[in-house]
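For what it's worth, my numbering labels the leading residue of the sequence shown as 9, then goes sequentially.
Read the hints as simulated data drawn from the structure, not as lab findings. Careful, some of the hints might be misleading.
Claimed, not checked - Here are the in silico distance ranges between beta carbons for each label pair:
| no. | residue 1 | residue 2 | range |
| --- | --- | --- | --- |
| 1 | H215 | R57 | 34 to 42 Å |
| 2 | R190 | E53 | 25 to 33 Å |
| 3 | G210 | E53 | 43 to 51 Å |
| 4 | H94 | R191 | 19 to 27 Å |
| 5 | G15 | I49 | 31 to 39 Å |
| 6 | H215 | R44 | 39 to 47 Å |
As the list claims (entries may be wrong) - Taking lysine to aspartate or glutamate pairs in the DMTMM-like style, the calculated list, with each CA pair at most 25 Å apart, reads:
| no. | residue 1 | residue 2 |
| --- | --- | --- |
| 7 | K115 | D207 |
| 8 | K115 | D196 |
| 9 | K115 | E101 |
Where a beta carbon is used, it is the ideal one built from N, C-alpha and C, also for glycine.
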Amino acid sequence: MAECLAGEAAAAGGRNPTLVVFEPAPSITIGRLGSRADVAIDDDELASRQLPLRFTGRGGGAVLHGPGQVGVSLFASLADLGLPPHDVGSCLERFETGLAAVVRSLKGAAVRHPGVPGIFGRTGLVAAVGMAVRRGVVAHGGFLNVSPPLELHHRVVAVRRPTADGGLEPVSMGSIEADIQRRARLQDARTAVIQHLADAFGFEQTHIQSGFPLPRSAAGPAHPECVSHVG
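Work out the full structure: start from the sequences and follow the hints.
In structure tokens form, the structure reads like this:
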């Protein structure tokens with residue numbers, strides 16, 4: 009599905025900027041900044057837990073997916089976002105600004121570290137960011153940990169951030185719920201994602217569609233649940 013949406017966004021007069029908000033199926037994906045060594049779960053345990061591991065073309069590192077997490081994928085040309093054709097930095101800045109506003113709206117802490125993708129909270133990375141930009145078209149986006157159980161997350165290195173002594177420390181994902189020590193609702197997070205990312209990119213009008221963003225035939229019969237696997 010990601011390839012279809014990116015292709016439509018790239019076409020002249022094609023798809024308007026599209027934000028896909030979804031709940032990922034259980035899996036682990038590894039982006040261009042990650043490696044298998046970032047996942048401290050062996051193949052036998054992955055199989056017993058029914059957690060497929062996939063290498064993807066998105067940016068960012070290793071991310072565990074499952075209940076309690078909201079996926080956020082943006083498909084648009086940089087031109088349609090009002091940006092110059094090679095201004096990937098401004099696109100990432102706006103995307104992370106929007107995600108940070110989402111976390112704050114849910115009463116969580118939202119800290120950004122220069123040169124390190126993602127939004128950090130008190131318990132770790134609360135929003136992993138892994139965009140891809142090819143030929144001026146943005147695809148993928150990030151994953152917001154709202155209320156997942158964290159035991160397995162602590163065994164996956166999502167990112168490395170600089171330390172005071174000039175080194176790098178591995179950071180796993182925490183969650184907004186763990187940060188604020190009270191219930192955080194997925195529906196509140198989804199609503200906030202739409203509002204704050206629209207604000208971050210300066211879109212005054214939005215059209216919300218519930219359900220599959222492409223005809224099922226366009227996604228291909230071999231991928232009946234493509235929405236769950238965007239990442």
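A quick look at each hint next to the structure:
{"no.": "1", "hint": "H215 x R57: 34 to 42 Å", "result": "holds, 38 Å"}
{"no.": "2", "hint": "R190 x E53: 25 to 33 Å", "result": "holds, 31 Å"}
{"no.": "3", "hint": "G210 x E53: 43 to 51 Å", "result": "holds, 45 Å"}
{"no.": "4", "hint": "H94 x R191: 19 to 27 Å", "result": "violated, 43 Å"}
{"no.": "5", "hint": "G15 x I49: 31 to 39 Å", "result": "holds, 34 Å"}
{"no.": "6", "hint": "H215 x R44: 39 to 47 Å", "result": "holds, 40 Å"}
{"no.": "7", "hint": "K115 x D207", "result": "holds, 18 Å"}
{"no.": "8", "hint": "K115 x D196", "result": "holds, 11 Å"}
{"no.": "9", "hint": "K115 x E101", "result": "holds, 21 Å"}
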